[in-house]
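Chains as they are written, first to last, in UniProt numbering: chain L, 1 to 508; chain S, 1 to 508; chain X, 1 to 508; chain P, 1 to 508.
For the record, the hints were derived by calculation from the structure and aren't laboratory data. If you're wondering where the values come from, they're calculated on a predicted model, not measured in any experiment. Backbone N, C-alpha and C define an ideal beta-carbon position, used for all residues, glycine too. Wrong hints could be hidden among the right ones.
Restricting the straight-line Cα-Cα distance to at most 30 Å, the calculated cross-link-like pairs of lysine-lysine (DSBU-like) are [stated by the list, open to error]:
(1) 309/P <-> 309/X
(2) 410/L <-> 248/L
(3) 113/P <-> 410/L
(4) 309/S <-> 337/P
(5) 367/S <-> 337/P
(6) 309/S <-> 309/L
(7) 337/L <-> 309/X
(8) 491/L <-> 337/S
(9) 497/X <-> 113/P
(10) 309/S <-> 309/X
(11) 309/S <-> 491/L
(12) 456/X <-> 119/X
(13) 245/X <-> 497/P
(14) 367/P <-> 309/S
(15) 337/X <-> 309/L
On the chain L side, residues computed to face chain P include the following (Cβ under 7 Å) [to be verified]:
(16) 269
(17) 276
(18) 280
(19) 286
(20) 369
(21) 429
Chain S residues, not near chain L, derived (Cβ > 10 Å throughout) [what the hints assert, rightly or not]:
(22) 92
(23) 99
(24) 117
(25) 122
(26) 144
(27) 194
(28) 197
(29) 199
(30) 200
(31) 251
(32) 344
(33) 395
(34) 397
One-letter residues, chain by chain:
Number of protein chains: 4
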Amino acid sequence: MEKWDGSAGTSAFHMPEWMIQFADQKQEFNKRPTKISRRSLSRSISQSSTDSYSSAASYTDSSDDETSPRDKQQKNSKGSSDFCVKNIKQAEFGRREIEIAEQEMPALMALRKRAQGEKPLAGAKIVGCTHITAQTAVLMETLGALGAQCRWAACNIYSTLNEVAAALAESGFPVFAWKGESEDDFWWCIDRCVNVEGWQPNMILDDGGDLTHWIYKKYPNMFKKIKGIVEESVTGVHRLYQLSKAGKLCVPAMNVNDSVTKQKFDNLYCCRESILDGLKRTTDMMFGGKQVVVCGYGEVGKGCCAALKAMGSIVYVTEIDPICALQACMDGFRLVKLNEVIRQVDIVITCTGNKNVVTREHLDRMKNSCIVCNMGHSNTEIDVASLRTPELTWERVRSQVDHVIWPDGKRIVLLAEGRLLNLSCSTVPTFVLSITATTQALALIELYNAPEGRYKQDVYLLPKKMDEYVASLHLPTFDAHLTELTDEQAKYLGLNKNGPFKPNYYRY
Amino acid sequence: MEKWDGSAGTSAFHMPEWMIQFADQKQEFNKRPTKISRRSLSRSISQSSTDSYSSAASYTDSSDDETSPRDKQQKNSKGSSDFCVKNIKQAEFGRREIEIAEQEMPALMALRKRAQGEKPLAGAKIVGCTHITAQTAVLMETLGALGAQCRWAACNIYSTLNEVAAALAESGFPVFAWKGESEDDFWWCIDRCVNVEGWQPNMILDDGGDLTHWIYKKYPNMFKKIKGIVEESVTGVHRLYQLSKAGKLCVPAMNVNDSVTKQKFDNLYCCRESILDGLKRTTDMMFGGKQVVVCGYGEVGKGCCAALKAMGSIVYVTEIDPICALQACMDGFRLVKLNEVIRQVDIVITCTGNKNVVTREHLDRMKNSCIVCNMGHSNTEIDVASLRTPELTWERVRSQVDHVIWPDGKRIVLLAEGRLLNLSCSTVPTFVLSITATTQALALIELYNAPEGRYKQDVYLLPKKMDEYVASLHLPTFDAHLTELTDEQAKYLGLNKNGPFKPNYYRY
Amino acid sequence: MEKWDGSAGTSAFHMPEWMIQFADQKQEFNKRPTKISRRSLSRSISQSSTDSYSSAASYTDSSDDETSPRDKQQKNSKGSSDFCVKNIKQAEFGRREIEIAEQEMPALMALRKRAQGEKPLAGAKIVGCTHITAQTAVLMETLGALGAQCRWAACNIYSTLNEVAAALAESGFPVFAWKGESEDDFWWCIDRCVNVEGWQPNMILDDGGDLTHWIYKKYPNMFKKIKGIVEESVTGVHRLYQLSKAGKLCVPAMNVNDSVTKQKFDNLYCCRESILDGLKRTTDMMFGGKQVVVCGYGEVGKGCCAALKAMGSIVYVTEIDPICALQACMDGFRLVKLNEVIRQVDIVITCTGNKNVVTREHLDRMKNSCIVCNMGHSNTEIDVASLRTPELTWERVRSQVDHVIWPDGKRIVLLAEGRLLNLSCSTVPTFVLSITATTQALALIELYNAPEGRYKQDVYLLPKKMDEYVASLHLPTFDAHLTELTDEQAKYLGLNKNGPFKPNYYRY
Amino acid sequence: MEKWDGSAGTSAFHMPEWMIQFADQKQEFNKRPTKISRRSLSRSISQSSTDSYSSAASYTDSSDDETSPRDKQQKNSKGSSDFCVKNIKQAEFGRREIEIAEQEMPALMALRKRAQGEKPLAGAKIVGCTHITAQTAVLMETLGALGAQCRWAACNIYSTLNEVAAALAESGFPVFAWKGESEDDFWWCIDRCVNVEGWQPNMILDDGGDLTHWIYKKYPNMFKKIKGIVEESVTGVHRLYQLSKAGKLCVPAMNVNDSVTKQKFDNLYCCRESILDGLKRTTDMMFGGKQVVVCGYGEVGKGCCAALKAMGSIVYVTEIDPICALQACMDGFRLVKLNEVIRQVDIVITCTGNKNVVTREHLDRMKNSCIVCNMGHSNTEIDVASLRTPELTWERVRSQVDHVIWPDGKRIVLLAEGRLLNLSCSTVPTFVLSITATTQALALIELYNAPEGRYKQDVYLLPKKMDEYVASLHLPTFDAHLTELTDEQAKYLGLNKNGPFKPNYYRY
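I would like the entire structure built from these sequences, with the hints used as guidance.
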């Protein structure tokens, strides 16, 4: 722990103190109940490996090059060929994307600066499996700056930005990923990350659990050296809890998906913007005066409703939970059953995490030109399969936009075939990804530096103080000035001046 | 439990089932950490016994009658004199107030209806100590209808509505309370409730902990028959946790203060309205264009900020917690230190639960006519004492409004002398009180009917399912229609169709 | 005009220039069409003389004194008895009210300061008939400071604040007004203002047209010396247009009611706040989740809808005008006919300026506890008379709140007996009154100083530049910093750098 | 007039009545002052012919075909070659776009239906010059259905959708337009529309005034047969007022740009959505917490501010007009000079209609990554030319996005090179275009059918009743139900039951 003890002691950085402090509370508060219902599989940016992911366009055209990257011989400018990307020559373009992203990821850049003297990840050998985007690149290069060695694969066969992968490979990161991998490519890439002579990972950063799964299946012995897993996605977290429940989790794991900051940004704040963006880019519709029903009033639903109300839409809400339902009422939305409004609404948005929320029966009753889309979990909420019947005609009118046409001419506008609108049809702001990436970096640091015994073979939530630290690293972006407690006030409140500031059950 | 098992089995009422169900989870989730910081003493409607409470005016003038109620001989129309109120003749007026309140307390009325056959509180002997208002009367009469015998005192020497107390006494409730009790009267009234021949309480409903304290001190043996304590206030809950920590809590206690529904209504939703109401009634100011600084962005601060922003004020926020600070940023408020804006703002509002947030130094720097008020905890947030110096002149311009005048003529408008604006200068909507009262009633039913061993000698949070039940009882007010899960969906989500619908750590 | 030509030449004050400038455009733009429909009689703060006006309470109790002021012999401290008020001894209390008002009427105070050297109203003899409140007092004393002599009566038999009238009388203003005048008193007071030996008015400031009417009827010759009339109310303006149409208007008149600034403040901005205030003070209701129908989407309706939507109400709108209706749609409100929602709403608010918008049939169909109130014009919108039938019981539950009870027990909550809620049950912020008063003062200055021929015997709207000037005088309150055009920009836009900045048909 | 006199007499259509009615008022109210300042040249969707216009993408690739359309021999399926488009074979794709547009242009479709019996434009020979998009096609085909013959050119060399032009040509409309015309092509196309043997236009529909200008210059005699001009753009209207002022306007012209409905939709409602859309599509930024300064608080500025505030941005406003400034204050925005905030803001948006609002000096002081864009008039607001200096580096990072880089590395993100963001980087919703197109159609019908003498050789605003009619035709889209006045109410208000409902100076 000395390496990262911040002995320089600037007032804004109190890590070492809390690293010791929160160890006490952790066992009680941060262990998530092992019995986790599927309900908690609410929306996350991360999806399983086969979801399409179109949030960032590929800027350089490589359509003329049909050779599989696996069959190519490529070297970066330093002569290394320990990578596999689409085209190493695209590195320069990718570098610029990374530089642009750096400007909106102030927290990671701050971590890098702090790490010029000390290297909290010195000796860490991190194998990662995430979307490979400019923002991931900033994370990876930050981990490198903090002392870690990294090897990386993509968690999704479509989501890799080839230029960024090239830039990383050019900088010496062993990256194995390209846009449009086959299923076989996917596992091959992962294997190339872990199955290396003379190098064995001691940390895992996963998004979806595929990497973890692969190691469990193929190289179970590797876990002996692994200090911990950091998992970011709902799906991956679910798999970890299942492992834990089954007594098969043999290292500590950090669930960064459910940290406050990440949840609010991924869901409430991000969806408040992406629902508008996704609908506009696909349909060019006007929001004012439109009648909308939003199914589900969790964080995602709250974000969608707030945005649409602000734009002059008339919003109805459906809910199964009476508490969320009462919140919807108090926020000014009519709480209805879907059937009651299905004939009159212009837009149907699902954000429940449930399945078959919009059924064929509902679809049959919608009015002409009704737009149907999903902001919730996976692609189960709208029963899209029920629309694949002979009497209905599908017409692709734009990328991600289908008209489904009834025999009487009625058209339903189905977006992204029922997959996540915000991933498929809008972009995720770098700032949101910055919060996730910072959380991942801190979780890696914590697990890597934690003294023996602090973490058992279980799944942990991020300590509240770390959550607060992630938040504080992002405040300068807004030129936001935090107030500090006086000694007297801290005593009165029974708080440490550096936090954590709230009990664990605090709801924000 | 048979009495209240809902064998009638209407679809909306699933109590018996959950009464068994949640017993399993309870021990794990509902036990609040025994180490509770004073920070959690955030705002509640309940205050200690000496706070003034002016939310409801007394409608009939009794100023001419200076005799102490303790010295009067009064009988109700049925000949009983087991009560002590200001003037039993005011009963009719109080009855009308109660009837009006009943119309806005649908949940309690629904409970009454359900109880026509079964009496879940049959045999219960409840001693209560709360504010005595029309809404409390509806609660008390509901408890009576559910089978309980009640005796009642006031938890605050100012807050009793004499007419309502009279109406209750007239209906046969032994009530001991009047507006303007002395300290001695206060304890005398409490004692008259518990120290009765031939009657011993087996349930306690407390608000502030004074009743509980009195029994501990004077009649500790009574606890042998007491099945549980239901406590509603922050202060009282704090005292219970202290008892528990000290190993002195000898019966189970239910902390209803921290239930989701109550928290959101008492704080976020209620303050969103009462900040406007309190400022208007005291100052007739216009909100549009005013610069306001809100200290603290918890639920209360969030409510205040949302309301003032909506009315066209320009709102600044101060915070100590980086997570709440980031929320303030994302919600569109400049996060500042108080010093940065203190010279320019028109209004300063405190909602921190902290002390000396606004100091004499701040007050010295405010501009002429600046309004200063407190929506937070107790009366500590503004250092009002620092204004009691010879060079400053105090001028009472209206009830609850003081001008504090500096030697150079600058005036600060201080509201409610720094006490809670929402309690002192606005009213609490009956609907909010309905939620609290329903929560209290359900907590009493649960504790009274719980099988041996379900609750230990500890402090429990309200089971989530009960919280959901309180919410569901209030949905009809809004003509809100809840969606029910299909069997298939419930299975998919791993949920019981009747809830609880969320994991305990869910933040709403 | 020399007196007021601003030769001091501060940059912010350009009056003389525009006084000449706008004379050119005036004849074309400012003449309001002589055919004015009753529709334009939309809401104004001013009402006819018999409306009750309770916006400011009388602070000192004078109930013990039943002698008519007309029968009293009173002298102020300087020995003058040229006034008639309730009680000259209340002067000190009234003075404090005036001082408080001065703090929120920055524009008038600024005019006073400017007038220390020059006296633009020197020689003016103004007879006024308005509500007599602290704000009016600030206006009157400003006119005095600008050089005018004033005599004043009340335009409403209930609205006089006796203490303020006393303070004015004490300062030497001949004021003839008290709260609770009889009809006969009313005209007697007016007559005492104009029928004076050795003094003849040359300017009229009227609010409702009664003073103007009295002079026309009793002293038509007085008009020979009168330079102009400034009229503030809808009703008074309507009467002036009728006079003009009939060819009987023998002096120029200024309609200050329809100036942009006044309209927006009296209607949109003021009602946005007063609807909430009026409902809260009368009913203590909670806004969140309530269903509300607002009849009429003019400025008043827009203000009501915006406020209630922001507080979490679900708002429906009715309209007759398709353009306003489309605005309601785009602003996110369901446009309905009253019949469609009357059974389900919790609150009905009228803001149409029309009559019988809410009929007995509607009232019969409302649900129990529905609140009905009027924010529109006069007391015609709700057919209150139709509720005066034997089968319905009226119960006064508070000041301004009646329960009307149907035979089956259903209660309707009628506020202010259908009169204006904002006047009857809330206060008008001083800031709004400041805008009106400033407009009146500037109109008087303009008419008094206008060169021969600038104004004919017609009704004029306030020149846009004056409207802009009123606005600019109120910006410092908000610490608002106006941008000035560069010479180059002014030339590009074809504008004078000092305004007016918009064509006359601009809609704001 | 018989043709269109609505003798069928459905209740919703009262045209003939008002066509007579409003003739009386028109001369007084609808004549716009001939002296029009350049200030009134505020934003409009229409731009001059050389602005780029990228709101709708061309869906079929025609990059392989480099032949100029003027050199091609094309025939539609009926054998006609009286057109000149890029590629007649793209007609089918264009037809589908038109069909989609029809669904969102309910008013024009309603007009078509009404015209099945009567043909109000029978005999009309309309020459048009507008953007050629799917929405224009719906307008053209509606004019055809109403009886008119049309010939059409594009008003902008970039804005033609080739597929739509092909579809129109295929349906028999003589269309002369393609995307990417040269200046010479532009005039050639216009000439081909008017210079036809055996056909002479009697109506002009213009957007920008180029067509009108061409006829004035080349075929002045044509005006003998022309019944009127309908002009939609700010620029074109300005040119017409100049003609009128110079006494050279020889036919009546209708200014449809300044109608209420069009103004509110083009500016307030449309910009409220397009500012978000334009910023998102170009920068993927997050709005929450961002500091934004909006220059100008007219309709466009109001829309931008409302949207950004709703999304959680902190918005500052600059204004030159004190009335608009006061509105900004009351709406909750800090009113500042640009200099005061230029160092701290994340985004600068201009909506003033002025020039050099953002100067090089401002640009020099902006912080790194500041985004600069224009929602106002033309491309003058930001002094983009000042950035073309050697020490600054321009980097095109995406279509419509430039980074301008200072020697110290600071980057400014300039959108659309200072041209209109909403035109360049977002789409205009069909619904908004529907309102414009309907207004144009009604203006053509009115001018064509007006009896001799109703309109002189002058520029007229659209009669208010027509404006109301346009609005009413769009209400069904929102399932909005208008209330009708009773006879009694209409009499009370002095209104015709069918409108117009407001005096001409009403501000909405």
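So, going through the hints one by one against the coordinates:
no.	hint	verdict
1	309/P <-> 309/X	holds (16 Å)
2	410/L <-> 248/L	violated (53 Å)
3	113/P <-> 410/L	holds (20 Å)
4	309/S <-> 337/P	holds (22 Å)
5	367/S <-> 337/P	holds (22 Å)
6	309/S <-> 309/L	holds (16 Å)
7	337/L <-> 309/X	holds (22 Å)
8	491/L <-> 337/S	holds (20 Å)
9	497/X <-> 113/P	violated (52 Å)
10	309/S <-> 309/X	holds (13 Å)
11	309/S <-> 491/L	violated (33 Å)
12	456/X <-> 119/X	holds (25 Å)
13	245/X <-> 497/P	holds (24 Å)
14	367/P <-> 309/S	holds (27 Å)
15	337/X <-> 309/L	holds (22 Å)
16	269	holds (5 Å)
17	276	holds (6 Å)
18	280	holds (5 Å)
19	286	holds (4 Å)
20	369	holds (6 Å)
21	429	holds (4 Å)
22	92	holds (35 Å)
23	99	holds (25 Å)
24	117	holds (24 Å)
25	122	holds (28 Å)
26	144	holds (27 Å)
27	194	holds (32 Å)
28	197	holds (44 Å)
29	199	holds (37 Å)
30	200	holds (35 Å)
31	251	holds (23 Å)
32	344	holds (15 Å)
33	395	holds (31 Å)
34	397	holds (31 Å)
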